[in-house]
Every structure is written in structure tokens, then in C-alpha cells.
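Okay, here's what each chain looks like letter by letter:
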Amino acid sequence: MKTIESMGNAVLSSLEQTGRTLLLLLIVVYRIVQPPYQFYAIVRQIYFIGARSLSVIIISGVTIGMVLGLQFYNTLERFGSVDILGSAVALSVLRELGPVMTALMVVGRAGSAICAELGIMRISEQVDALECMAINPDKYLVAPKVIAGLISVPLLTCIFSVVAIFGGYFVGVVLFGVSEGSYINGMIDAVVWSDVRLGLVKSFIFGLLVTLICCAKGFYIHLSKSGSLGAEGVSYVTTDAVVISSIAVLFSDFLIGAIL
Amino acid sequence: MLVLSGEIDLNDSPVLRETILASLEDGKPLLIDMQEVSYIDSSGIASLVEGFQKAKKIDLHYGLLSISSPAMQVLTITRLDKIFTLYDTEDSFIDLLEP
Amino acid sequence: MESSPAIAVRDLVVEYGSRRILKSINLDIPLGQISVIMGGSGAGKSTLLRTMLGLKKPTSGEIRVLGTNICSAGARQLEEMRKQMGVAFQGGALFTSMTVGENIQLPLRQHTRLDENTIQIMTRIKLDMVNMMPHEHLMPSELSGGMTKRAALARAIIMDPKLLFFDEPSAGLDPITSAELDELIIKLKESMNMTIVVVTHELESVFKIADRIAILGEGELLMVGTPEEIKASEDPRIVGLLNRTPRQVAVDVDDHLRRLAGKAVEPGIPDEAASPDEPGVPGESASAKTADGESANGKSGNKGAAEGQ
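Residue numbers (my numbering), protein chains in the order written: chain X, 1 to 260; chain R, 1001 to 1099; chain E, 2001 to 2309.
Excised from the complex, chain X in its bound form (with noise of 0.2 Å):
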């Protein structure tokens, strides 16, 4: 009876936490087009969350594409078609690896710090203060972090697929001979708008909810069990919050890809 009950309560909360991160999306928007205009603050986190960010990016996204290079050359060498190297690693870097990838590295290296950092705000009480100063903290703290998420994770992407067809090149074509013309043009013709679109439209959508989950877990930490924690608190909503924005990134990733 206890194990149904507390799948109930799990269930619930799971219910009304999503419900709360939709409700802060349309807080979010409703009042960033509110002045004053937090240009300031979306900049900085634009660099927190991108700019810093983009070291991890590059290597990741270089050696990604030198795996792909490394096991599509086995695969395909084995069918005699390794002219199809620069298509197959295109593709799959700008439909697949790169949104997903660059979305699971900006969770683990800006999703958990924004977690942490609005999770110690709401425990120390600097969130009421904003509130008590009339300064709206869905505004000041929320909105900016939301929206440089939506900015920088795409731009991010172009940039890992980018190094990432780069690193496929130079295992391919420099490590294992294949015709640098076979890979550059086979990338040139298989690789279609719709493709590139897809990736984009991945990214924006990666970008959104990485950001907006894991504000949301740090921002109503006191609303959840965690909150009369204090630091254990802060730590197990910010693991919750990178498993969580992890899950959704790879489940949206599916979905999109079935309807787009």
C-alpha cells in the first residue's frame, strides 16, 4: 500500500513540478517585455552560459567528429562506399550530434551552476529581498538566463557541428586517405536544408528547456523537499536538475525528429 502511495506522491509532484516550469516560461515571457530592460544581465549570462562555455565545445565537438570519422570508415570501408564518409558524417552531426551533444555539455557545465546558484538565492533569503525591493526576480534572475539559453545553445551547436565535420575530415581524409573531393562534395550534395533545419529547430528547443528546467528546479527549491535542506538541498536539486534536463533533451530529441 505504501509503495503505491508513494509512487502516487511521485507521480503528483513530478505533475506539479512540470506544471510549475511551463507557468514560469509564460511568467518569463510576459515579463521580460516589461521595462526596465534587463539588457545587461542577458549579456552577461549570454557569456556565463555560452561564451565560457565554448572551450568544452570545440574539443568535444572535435573529437566527435573524429569517432564518427574512426567508426563510419570502418562500417562503410567495409561496403566499399567511404566516398559517403563526408555525407554520413555530416548528417549525423547536424541532424543528431550536434544539438544533442552540445545541449548535454551546456547542462553539465552552465545548466548545474545556474541550478545551484538561484537554489542558494531562494535559500538565503536574496530572493525575497529582490522581491521586498520591487524588483521581480522572475525578471532580474529568471528571464535573462532563459534567454541567453535560447541564444547561445544554437550558436553553440553551429559551432561544435562545424569542428565536428572538421574532425571527421581530418580522420578520414588526412589519417585514412579517403578523396578529400569524395568528402567534401558527398557532404555538398547529401546534405539538404531540411537537415540543417532540423538541427536548428533542435537547438532552439535543447536550448529552452535546459535552461528553463534547470532555473526552475533552482528557483522553487523551497517549494520542493529539498528546500529546508540547505546545502545537501542545493546539491540533490541541481543533480535532479541535469538528470532531468538530460532526459528531456534525448526524449525531445526523438519527438522532433519523428514530426519534423
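If you're looking for bench data, these hints aren't it; they were derived computationally from the structure.
Misleading hints may appear alongside valid ones.
Derived list of chain E stretches under chain R, where covered just means 3 residues or more per stretch with a C-beta under 8 Å from a C-beta of chain R [to be verified]:
| hint | region |
| --- | --- |
| 1 | 2126-2136 |
| 2 | 2190-2196 |
Not the full set, but computed from the structure, chain E residues with beta-carbon under 8 Å of chain R [stated by the list, open to error]:
| hint | residue |
| --- | --- |
| 3 | R2064 |
| 4 | L2066 |
| 5 | L2106 |
| 6 | Q2110 |
| 7 | T2112 |
| 8 | E2116 |
| 9 | N2117 |
| 10 | D2160 |
| 11 | I2186 |
These figures come from a predicted structure and were not determined experimentally.
Ideal placement from N, C-alpha and C gives every residue a C-beta, glycine not left out.
Chain X is already provided as a structure; the job is to place chains R and E on it using the hints.
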């Protein structure tokens, strides 16, 4: 000379600031009559201070005249009563100007 | 009351879940005076403060702050009202990513279009008022307890609010700094005509600064009055609070032993309540452990009892 009266709060102080600074630009010494001031907040005081700083920089005489008691209270608690040069009568200021 | 009060609390009931923290409070905070809200721990002071600030919605009742009913006010109204209020929180609640100066300036930057110079001068004026001028560029993590409180106060008064709330100003401060803070509070009332609400249980400060005192006890208002009236009160709870008498707890010997030991102590009585994991008084009765007859009662200690099962 500049005469202030009534209440000076966040909305009024930018105007006050502009007036003080413009007047100093003209190179004239400035005496600010504060007798009728019923309320002045820290933004108003800040404008007075900025004027004082500027006047010092370009070596002009700058003073406050007949501070009303509400204004004086604010100056005391902000510890600025020792900073400004305060005058009781217009004449004492004018006397200073003639070398 | 001569003029209408700064804050009027009527039949306020506040609950957290099923726990009723404030039970129908009626209180007036007069304009232009220093009111102190006192009470023992758990009496509901923080809850009352939070409700007055609009951070907690009451279960029933109303609070009118400067004429506006905060329980039913729209967001815009609430915002306007909050611009006339300043709050210094118990832990300071300074924003840790900004310097002290930037913390203090934040309301100005968000709500006004004042010139940069004006903002800087205003910041320094307030810093000077709390004796923190040399520390303008420090980060909150570099501040001592007293400095944090003073910085929080400076931030609370930057917009020259009509209403100032101060949560536990003296908590954790040395007597000198505490006294200086008291002086400052009194000066603020006198020179800027601020209505100040202080929540504290620091007795010395209370009688030094208060014009009116409200004493809360277990969610109820025990008494409201001038310091003299409070001192003259004969209510035992208030007298106890003022004289710092520790609460007397009646002790029933058996009861107490039972609670300490976890079960009945009399020998020969089977401990039905005992589970294998529960550390208990090593029972002298052989009948205590029944499961497999392996009784570890010969050994003292709870480990034995657990393993015996």
C-alpha cells in the same frame, strides 16, 4: 542665487542637478537658499554635493543659505552639515566674494 | 491612534500547511515611530514579518500597509508600495555576486533614471551613515557579521523609504556595534521620519529604541503597549520573557525514564515493543526474545539483542 522650496525628491532632483551644474558652468558663485525646503531626500542632497564638488574644482564659491530644519536634520544624519559651507544671511556670502 | 497607522493588521491568521502559526492577530503599527515585535522562539515573529512584507499569503484576515491591503493588492500596486519600503533581512541577504556598493545601488538602477554621479554620491552617503564608507568595494563574502548587517541596512534605506523593517538587527553582533546600530535606528526615525518595525529579542535594544512594543507568544498577541506599560505587566509569560527566566518543565520521573530508555524499565515485563533493531535496555527477562529462542540476554548491550534474532 538659487531658491529652493517645497519638497525635493527623486523626481525633482535631476532638474535641481541640471540647474546647479548649468549655473556653475557660467562661472558664477552659487548660493542656494534652502529656507522654504520642507523635505529633501538623499538624491536632492546628492545633487547639492555634486554641485559642491564641481564648484571646488573650478574654484567657485558655493554655499547653502538658511537651511530649514527638515533639511538640516537630513544634513546632520548624513554627516554633511560639516561639509557644506552654511550661511545665515545673504550678506555674509556676498562679503566673501569681495576680496 | 491619532493618524491612520502605517500598518494595520486585522484578524490575521497564518498557517503553514496544517500548522496554525498566527492565531488572529490584531495590531497597529503607528506612523513615524519605532515599533518592536518581540517574542520567544517559535512565537511567530518571522511569520508575522514575512506576511507584512507580502512574502506570505495569510489564510485569512487582512493587512493594510500605508493604506493598501497587501493581501488583495495587484502586482503593480504591490510594486509601488514596495518602493516605499526597505527591508534589512536577518542574514543580510546581500547579493553575493556584487560588491557592497553595487548591492546598495541596485534599487536605484532598477527604479530610477538618476545620473551616474548622483547614484554614486547617494551610495556613499548611505555607506557613510552606516560607517561602511571604506568598504564600498568589498564583496559580501569578505564582510564580518556586523558589516553585513550594516550593508544590508544601507541597502534598505537607499531610496529613503517611509517604512523600514529590520529583522533581528543585533543577532550575532558585539555589544558596541549593536549599540551603534540602535543609535542609527533612532536617528533614522527622528531625522527622516521613518516608521520602523524591528523584530528582535535582544532586550537591551528593545527598551532603548522602542516607542511601542508588541509581544507575541505562541502565535498570539500577548500585549501591545509602551515600554513602561510592558515593564509594568504582571502577565507571567511577559514577566518571564523580560526576566529571562528559563521555562520550567514539570518532570514526571517514570515518564522521563521511559522516554530516555525507550521502553518500560521494570524487570520481568516482556518488552513487546522491542524490535530486533531497536537498541533497548538489556532486558533481564528471558521471555523478551522469542523468535528462535536464542537469547542474548546474558550479554549486556544492545548488539547482543539484535544479533539474537
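Cross-check of the supplied hints:
no.: 1; hint: 2126-2136; result: holds (count 3)
no.: 2; hint: 2190-2196; result: holds (count 3)
no.: 3; hint: R2064; result: violated, 24 Å
no.: 4; hint: L2066; result: violated, 16 Å
no.: 5; hint: L2106; result: violated, 15 Å
no.: 6; hint: Q2110; result: violated, 13 Å
no.: 7; hint: T2112; result: holds, 6 Å
no.: 8; hint: E2116; result: violated, 10 Å
no.: 9; hint: N2117; result: holds, 5 Å
no.: 10; hint: D2160; result: holds, 4 Å
no.: 11; hint: I2186; result: violated, 10 Å
The earlier numbered hints that this structure contradicts are 3, 4, 5, 6, 8, 11.
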